[in-house]
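Chemist: Chain by chain, the residues run as shown.
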Amino acid sequence: LAREEAFEARIDAGDFIEAKDWMPEHYRKTLVRQISQHAHSEIVGMLPEGNWITRAPTLKRKAILLAKVQDEGGHGLYLYAAAETLGTSRDEMTEALLSGKAKYSSIFNYPTLTWADIGVIGWLVDGAAIMNQVPLCRCSYAPYARAMIRVCREESFHQRQGYESLLTMMQKGTDQQKAMVQDAVDRWWWPSLMMFGPADKDSPNSEQSMRWGIKRVTNDQLRQKFVDATIPQADILGVTVPDPALKWNAERDSYDFGDIDWAEFWRVVGGEGPCNRERLAARNKAWDDGAWVRDAALAHARKQAVKQEAA
Amino acid sequence: LAREEAFEARIDAGDFIEAKDWMPEHYRKTLVRQISQHAHSEIVGMLPEGNWITRAPTLKRKAILLAKVQDEGGHGLYLYAAAETLGTSRDEMTEALLSGKAKYSSIFNYPTLTWADIGVIGWLVDGAAIMNQVPLCRCSYAPYARAMIRVCREESFHQRQGYESLLTMMQKGTDQQKAMVQDAVDRWWWPSLMMFGPADKDSPNSEQSMRWGIKRVTNDQLRQKFVDATIPQADILGVTVPDPALKWNAERDSYDFGDIDWAEFWRVVGGEGPCNRERLAARNKAWDDGAWVRDAALAHARKQAVKQEAA
Amino acid sequence: MDAKTTYVLRLADTCLIHSQRLSEWAGHAPVLEEDLALANIALDLLGQARALLTHAGQLEGAGRDEDQLAFLREERDYRNIILVELPNAAASPSDGGGGRDFALTTLRNAAMAIWLELLFDRLQTSLDNELAGIAAKSLKEVRYHRQHSSDWVVRLGDGTDESRARMQAALNVLWPYFNELFAADGVDGVGPAWDELEDEWRARWATLMQEATLTLPRESAMQPRGIDGIHSEHMGHMLATMQFLQRSYPGGTW
Amino acid sequence: MDAKTTYVLRLADTCLIHSQRLSEWAGHAPVLEEDLALANIALDLLGQARALLTHAGQLEGAGRDEDQLAFLREERDYRNIILVELPNAAASPSDGGGGRDFALTTLRNAAMAIWLELLFDRLQTSLDNELAGIAAKSLKEVRYHRQHSSDWVVRLGDGTDESRARMQAALNVLWPYFNELFAADGVDGVGPAWDELEDEWRARWATLMQEATLTLPRESAMQPRGIDGIHSEHMGHMLATMQFLQRSYPGGTW
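Sequence order for the protein chains is Z, B, R and S.
Counting from -17, one number per residue, gives the positions in the first sequence under my numbering.
Counting from -17, one number per residue, gives the positions in the second sequence under my numbering.
Counting from 47, one number per residue, gives the positions in the third sequence under my numbering.
Counting from 47, one number per residue, gives the positions in the fourth sequence under my numbering.
Since the hints were made in silico from the structure, they are not lab data.
Predicted model, so just to flag it, every value in this text is computed and none were measured.
One thing to keep in mind: the hints can contain errors.
Claimed, not checked - Derived lysine-lysine pairs resembling DSSO-like cross-links, with alpha carbons at most 27 Å apart: (1) S:186 with Z:42; (2) B:42 with R:186; (3) B:2 with R:183; (4) S:183 with Z:42; (5) B:183 with B:207.
Said to hold, decoys possible - With the C-beta cut set under 10 Å, the calculated list includes, among others, these residues of chain B facing chain S: (6) 29; (7) 30; (8) 33; (9) 70; (10) 71; (11) 94; (12) 158; (13) 161; (14) 165; (15) 169; (16) 246; (17) 255; (18) 257; (19) 263.
All C-beta atoms, glycine included, are put in the ideal place defined by N, C-alpha and C.
Turn these sequences into a full structure, and let the hints steer you where they fit.
Modeler: Below, the structure is given as structure tokens:
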């Protein structure tokens, strides 16, 4: 009990917790859940974007997309490493993802249907992710905070690239291209707003996480911030968002916006989105198809160890 | 010996042999080899053409090609049936194809690289096949002769469709399309001439087959006939064949033409053509992947039989 | 595009894309007889698609013929149900559709044939005479498809342990996509809302599954929206292949 | 197109198509580290392709840039070796390239990296300064690729019985296509005939195979001719995907 009080005091003082430090079991569990969920999102997120690498319209865009997907794998890698400092192995986390037990960001359960989706994902989805993640750079658990600093830097880069590609299409593209961008915005806008999670009143885990400094800002606060930051960017692009209720509120110095379709939100979270099954199937297939490779690598390493001992 | 003499006499008299009739073992073997080789050619021939069904440029052309490939499967089916009348099962013949023991027409070891290849295969490859096969409609073995009558009728239809599609491209198409047709003719011309087999002086089986009425015209005679029939068609199309030695010989009332690259011929026959390995791999994969289906069909049939007995 | 044109186009595209997927089997079937049968079904569906696309083009009145509709639209303008665009193997979404699973193909063929039989039967009495004529002709064809595919479903479901497992796995993959078979609105005098077919389709399907000793999965809340142009990630790859020649050689005559 | 331009284009297209195939792995590798490594190799090859294509365009002098060369040629004008266009799994020719076989991919990567290392090493002293510069930069990259892929070849060859069998099967499939690594003519002052690399490549390959406990197949007389634009049937499907956007949205700015 004393330890717990000391822990809480450190948190209150704004101290960072390191892997070797004592921490309450619930704090540890909450962190593992959150970090691994984030890692899984990076891994699953490679699929909808990877879907367009072979069809990128120019070699420059192909290189940018390939590098971005590679970065996402890298994020997955150091987030898994951060979670491993808490005593859960990457294999355990992977197993939880593949069995459907662990969650990942629902946004990746929507399909990428046109090339413009790639730009819009960079702009809106990475934008929303950054909004969610910047506060985590001050998360109380230091290894996670350090990972997030690097992740956020790279995500910002991706977001700018995505926005720039949309700007190119809107400013120099054909009418068909412009229509393609608008269509992509229409499809991704609401799912992007859903990325901030349920409304605060329906978000039971939030309070404890806030107190522990794992979460720093509420879902609804972040969502509002995202809308306020994004609408001016949409104006510059020359696209509209599919929300007739959207209106500048001078009093609040913020945008008012319409209601999220929470039925859809819960349906997709619950596994019935357009691509949930396919995403998990793809990850499971990659894992199953790769079993012989991992087995062989292990067997070879053992043989080498035996040889070295013998020598 | 008396039976053999009687058999020879029937052949000499132009009689047809039926499945129930006695025949020399070598006659039977030669026929099985030839008919099954022909059947295999139809089956393997589905692959290079099937390669373009999903990319056919119009729905009409897609329907024509799909129907053509289906016809080839049908030819395979009744040719296997004709061979089965000689006491060899379809499974045995299939096994010989899949293991590489049995041959099929080498022409199908060349890739279909453009849509024009489909038209040119219809015109030249089916044209050459018909030239080879028409005499077989008078083959001494009646079931084979009957199968060939139907095959030839359908092949002629395919040939006309192929030629017509080339004519459309050459007469109404863009310059790019015309170049595509010429390129396809350049690639398929020599392999088509090779379809008549080695030169007569290098074709040891021919004599016996001629005597038995299994073969009716020699390789070189057929090849000459093909060239003579085809060059005027090429003129109408507006394409040239890639043979600088080609020249009308008024004395022979025939075209002279250049030497076939027999080194290439034997390389492809020997298994080292551009697609030999892939064709066999595709057939083996289809067969292996289908094993569970064939097993299940058998198992179900047995269950039904048991039920009927019990009833 | 008005409701009537959209209604016809949804059916036209569904036949077209179904045929396109089936045609990938040419030369790769487990037995030669099935090479012929699958090609035959693909050909019939292609014929239906051509008649329906031509009719949709006439209804639209913008001068587009079957080929312009089949080859020169953007993905978002195709209105087929997602079920028929799924690869022939239950592969991962970015797998390109290379594999061929006879279990999945056979089950889908049966599901589609039962559905098309119910729909074409009703469309025979459409006040749109052209559509009624197409339906009457097509009905005969899909009856044969239904019979042939159902026989195979039973054979493979009630075959070996392996074949039953494969069929059950394929059923589990396809199941949520069946929801879209009942998703389109009807148009008065033209054709019924698709959900009018649902009870009968589900009854027939349940009977078939029972005969095939397969287990119906629990109901899925998935809402595929191919009929609104929201496709799966497979569609784009399929169209890249299908449209290749028309896109690469504009103005060609074939 | 003159011999020099063709010489550069063959290498450029080979890097381009190799990269394109590798990029199909994104998100599907057997371990996360290999997702990163394969993407990294694909990126390096893409960078090499871009520099070489740009240079080929300049040599050609017809004003074509990297994208026009990469996306707007007909299949017959691509000059890459067939080895790199083969699908990532040793699938049937009309399989569309859906599968991914890590054995085949790894072996091909190793074979290509050894070859590129030998070629870029020689091209460093090309009298074509631009080409020499590209080669010097690329050499560092392919050295790493060679090391990484060779390590995996040994690990998988000398791993389990299953992994050895898979590697041997992949080697048997790729083997005849290696012939094309030595098929192109050289251009005086620009770069060597590829057959000048053959002895050294075969020696290194034999050493690697020995370390990986794999057996060299008997010599093949196959003569792949991708460098003359005679490709495999896989190439067209790959290009339909790769060119899709440029073909479907002519005049677009991306």
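Chemist: Does each hint fit the structure? Answer for all of them.
Modeler: Taking the hints in turn, this is what the structure says about them:
| no. | hint | result |
| --- | --- | --- |
| 1 | S:186 with Z:42 | holds, 21 Å |
| 2 | B:42 with R:186 | holds, 21 Å |
| 3 | B:2 with R:183 | violated, 44 Å |
| 4 | S:183 with Z:42 | holds, 19 Å |
| 5 | B:183 with B:207 | holds, 18 Å |
| 6 | 29 | holds, 6 Å |
| 7 | 30 | holds, 7 Å |
| 8 | 33 | holds, 5 Å |
| 9 | 70 | violated, 26 Å |
| 10 | 71 | violated, 25 Å |
| 11 | 94 | holds, 6 Å |
| 12 | 158 | holds, 8 Å |
| 13 | 161 | holds, 9 Å |
| 14 | 165 | holds, 6 Å |
| 15 | 169 | holds, 7 Å |
| 16 | 246 | holds, 9 Å |
| 17 | 255 | holds, 8 Å |
| 18 | 257 | holds, 7 Å |
| 19 | 263 | holds, 6 Å |
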